[in-house]
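Asks: Sequence:
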Amino acid sequence: MSEPVVVVGGWASPFVSRVCIALRLKGVEYEFLQEAVGRKSELLLRSNPVYKKMPVLLHGGRPVCESLVILQYVDEAFSAAGKPILPADPYHCAVHRFWAEYADSKLHSPLRTLRGMVGGDKADAAEQVSAALRQLEEAFVECSCGKPYFGGDDVGFLDIVVGSYIGWFGAAERIAGLPVLDEARTPRLAAWAVRFCAHEAVGDLVPDAARLVEFGEVLRAALAANASSRP
1 MSEPVVVVGG
11 WASPFVSRVC
21 IALRLKGVEY
31 EFLQEAVGRK
41 SELLLRSNPV
51 YKKMPVLLHG
61 GRPVCESLVI
71 LQYVDEAFSA
81 AGKPILPADP
91 YHCAVHRFWA
101 EYADSKLHSP
111 LRTLRGMVGG
121 DKADAAEQVS
131 AALRQLEEAF
141 VECSCGKPYF
151 GGDDVGFLDI
161 VVGSYIGWFG
171 AAERIAGLPV
181 LDEARTPRLA
191 AWAVRFCAHE
201 AVGDLVPDAA
211 RLVEFGEVLR
221 AALAANASSR
231 P
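Numbering (our numbering), first residue to last: 1 to 231.
Simulated from the structure, these hints should not be mistaken for laboratory data. Incorrect hints may appear among the rest.
Beta-carbon label-pair distances, calculated as ranges [said to hold, decoys possible]: (1) A198 - V50: 32 to 38 angstroms; (2) D124 - D153: 33 to 39 angstroms; (3) D121 - E101: 20 to 26 angstroms; (4) S79 - E31: 18 to 24 angstroms; (5) E200 - C93: 20 to 26 angstroms; (6) A81 - A184: 36 to 42 angstroms; (7) Q34 - C145: 36 to 42 angstroms; (8) D124 - A88: 37 to 43 angstroms; (9) A88 - A131: 30 to 36 angstroms.
The calculated EDC-like cross-link candidates involving lysine to aspartate or glutamate, where the alpha carbons are at most 20 angstroms apart (straight line), are [what the hints assert, rightly or not]: (10) K106 - E66; (11) K52 - E35; (12) K53 - E31; (13) K147 - E183.
Ideal Cβ positions, reconstructed from N, Cα and C, are used throughout, including at glycine.
Turn these sequences into a full structure, and let the hints guide you.
Replies: Shown next as structure tokens:
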């Protein structure tokens with residue numbers, strides 16, 4: 001019997017959803033343990049004592065932390081299952097990893113501002129996201145080589161990383177009233193996003209914008225309640 005696979009995290013987190021997409025691409029069955037909103041479980045804290053963040057992948061009881069690390073682990077640990085997630089060529093692999101790091105460094109923080117999770121100028125945050133997406137549009141042309149995905153003929157590592165933000169793009173647009181993934185400015189990326197969400201391995205793992213807007217309200221209320229209860 002194969003060792004059990006468990007994902008510890010929250011459905012709304014792009015970092016968690018990318019892990020689930022990778023496992024689904026590989027055809028790996030897993031158990032999902034949903035973290036309570038605004039709180040961290042003992043299992044999470046014990047499994048990731050350094051950063052104390054989700055997601056955590058438990059494979060045979062052994063924890064693997066940080067989403068980009070987990071994606072690489074899934075690709076290697078289940079190499080015989082499904083298609084490869086990372087490119088086989090070392091150079092192409094390095095390029096995809098570079099753009100994945102870029103996406104996380106440029107998108108996460110301003111999207112939080114646009115969603116009202118942290119303070120800041122929303123117009124400036126929208127421009128930061130727009131600038132990053134224009135760069136990723138160019139990266140898509142380079143990496144896809146005229147094919148449907150960053151990974152070529154099928155969803156791969158960089159698709160999963162950038163695609164995990166698609167629901168957040170829509171939620172940010174609704175909350176801030178500012179364009180994020182704009183078809184006029186990044187037409188290739190906008191068309192790719194539609195293909196990505198329609199992929200059989202993605203589906204419900206990228207939450208829709210309306211659900212994320214509602215979740216944001218619940219999360220803000222939970223964080224405020226936790227803060228007020230502290231001595």
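Asks: With 30 to 36 angstroms as the target window, see if A88 and A131 comply at their CB atoms.
Replies: holds, 31 angstroms
Asks: Would you check the hint for K147 and E183, treating anything up to 20 angstroms between C-alpha atoms as holding?
Replies: Judged against 20 angstroms, a Cα distance of about 19 angstroms means the pair holds.
Asks: Range hint 18 to 24 angstroms: satisfied by the CB atoms of S79 and E31?
Replies: Cβ of S79 to Cβ of E31: about 22 angstroms, so the range 18 to 24 angstroms holds.
Asks: Could you check the hint for me, namely that E200 and C93 are 20 to 26 angstroms apart, CB to CB?
Replies: The hinted range 20 to 26 angstroms holds for E200 and C93, with Cβ atoms some 24 angstroms apart.
Asks: Verify the CB-CB distance for D124 and A88 against the hinted window 37 to 43 angstroms.
Replies: holds, 40 angstroms
Asks: Is K52 within 20 angstroms of E35, Cα to Cα?
Replies: Answer holds: K52 to E35 is near 12 angstroms, not above 20 angstroms.
Asks: Could you see if the CB distance from A81 to A184 stays within 36 to 42 angstroms?
Replies: Given about 40 angstroms between the Cβ atoms, the range holds.
Asks: Could you check the hint for me, namely that Q34 and C145 are 36 to 42 angstroms apart, CB to CB?
Replies: About 38 angstroms separates the Cβ atoms of Q34 and C145, which means 36 to 42 angstroms holds.
Asks: Range first: 32 to 38 angstroms. Now tell me if the beta carbons of A198 and V50 are that far apart.
Replies: holds, 37 angstroms
Asks: Given the hint that K106 pairs with E66, test it: the Cα-Cα distance must not exceed 20 angstroms.
Replies: This hinted pair holds, its Cα atoms lying about 17 angstroms apart.
Asks: Taking only the CA atoms, is the gap from K53 to E31 under or equal to 20 angstroms?
Replies: holds, 18 angstroms
Asks: Quick check: does the Cβ-Cβ distance between D121 and E101 fall within 20 to 26 angstroms?
Replies: 25 angstroms Cβ-Cβ, so the 20 to 26 angstroms window holds.
The structure meets every hint from the earlier list without exception.
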